[in-house]
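Based on the hints, put chain B in the right spot on chain A.
Going down the list, the protein sequences come from chains A and B. With my numbering applied, the first sequence corresponds to residues 49 to 302, in that order. With my numbering applied, the second sequence corresponds to residues 129 to 347, in that order.
No lab work stands behind these hints, which were simulated from the structure alone. Hints may contain errors.
[Said to hold, decoys possible] Here are the in silico distance ranges between beta carbons for each label pair:
hint : chain 1 : residue 1 : chain 2 : residue 2 : range
1    : B       : Ile-331   : A       : Arg-196   : 27 to 35 Å
2    : B       : Gly-206   : A       : Asp-108   : 49 to 57 Å
3    : A       : Gly-185   : B       : Gly-337   : 33 to 41 Å
4    : B       : Trp-259   : A       : Asp-282   : 42 to 50 Å
5    : A       : Gly-91    : B       : Leu-243   : 23 to 31 Å
6    : B       : Ser-177   : A       : Ser-77    : 33 to 41 Å
Just so we're clear, the structure is a prediction, and the values are computed from it rather than from any experiment. Every residue, glycine too, gets a C-beta built ideally from N, C-alpha and C.
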Amino acid sequence: MTDVRPMIEVRGARKFFGPLEVLKGIDFSVARGQIVAVIGPSGSGKSTLLRSINHLETLDGGEVWLDGVKVNQTLPRRAFEKHINSVRQQMGMVFQHFNLFPHLSVAENIAIAPMKLKGMAKVDARALALKMLDKVGLADKIDAFPARLSGGQKQRVAIARALAMQPKVMLFDEATSALDPELVDEVNLVMKQLAAEHMTMVIVTHEMRFAAEVADRVIFMADGAVVEEGKPDDLFRNPVQERTRSFLKKFLNG
Amino acid sequence: MQGLDFSIVPEYLPLIGKGLWWTVVISVVSALFSIIAGMGFALIVLYASPVVRYPVRLFMWLFMGTPLLLQLFLIYFGLVQIGIDIPALWSGIIGLSLHFAVYNADIFRAGIVSLDKGQTEAARSLGFGAWQTRLYIVVPQALRNTVPAVGNMMIALLKESSIVSMIGIAELVHSAQLVISETYRPFEFYLTAAALYYVLNLILEAVLGRIERKVELSR
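Chain A with its partners taken away, still in its complex shape (with noise of 0.2 Å):
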């Protein structure tokens, strides 16, 4: 039975930076080998409530939970860091700005957490960065350095550096949203070859085209609170909700 349990579940979520309460309990669940997309203006709490799953944001109230442990721990201090450090191994990130070490070659970024978190040996955490890269379609660029890189290559090597530690999850902030027109294609396809692989996704995004392409569900955020969700057919041609319509309508005409 353990098979319907959620990969990801969050439970009244809230957050406040100082007085503003940017989520507002938000509950939602993604189910094993699922790919959820999180749209919605700025300012609408979703790259929180996607940071607040690996515990970038730390919740104010609600519970997190991947694959049935619970992320937001009350633990000691110590006991904690290590607790959410290794829950973190199991949840790669893609950030919008890449953030690629720009002191390390691809490989090195690759390499780095395999060797260092999971001692894995120099040779096989090349080995390992060659076949991620591969993935990705930038094995020839194995030795070179980040500043390099097109965006475009940047944040595939960045899905290579999340991919090497073989994680359960995958949690994309607007990891398109840096890039130029013309790159951003490139990304997508790496995003949409991880969907295939049935890779556990959270996708937050500003592009609808995207989001309804690849998602199996999509949440429509706004000042903090889901505002409507459903299958992406649905959300993006009947939406129910009357915030949903004008944002989407500002969206398709902008």
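Chain B alone, transformed into the frame defined by chain A:
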């Protein structure tokens, strides 16, 4: 009036050379210590618990506000009174190291603070702990980004190392003085010493240039 006569210099070069050697040794060792300790201070000031952080900040503040010469006298002549007898050479190295560590710490602290916070987030999201992130991601980048500023400090250190002659260490200036007291030729030998400092600095600058270029390649 006594004219200038450099023909006397070669005879004393072995002695001057010994002084030059000690200047190099003291400078290199102190430079390394000042960089290591400087990074240590920077990390403590930024991340350690208040119990450790405040004493270190006080110490740094005191070292920045007082002259190197006085610090050397305190370490070499002063500490003996409370039973800590450090030989002259080590007093000199400790004094120089700590004096420049304090400045390096300030440079490193600024270098760490100016790093994009996305770097830390990326490392943490992979599962690195706080100190692992500092060790593998933050410190290497801070070191790289501060090569020019720390390099300037090391050039200053090389020249300031002459002050340890005041506690009797036979480095370059001290050996020049020894020779002068024998030959009564201050101008020739001070000039010789000055020329040797200049050459040392040229070499140091060349080394720093190489490091900077190497770092630049990986950006």
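Violated hints - listed by number, lowest first: Of the numbered hints given earlier, the structure breaks none, since each of them holds.
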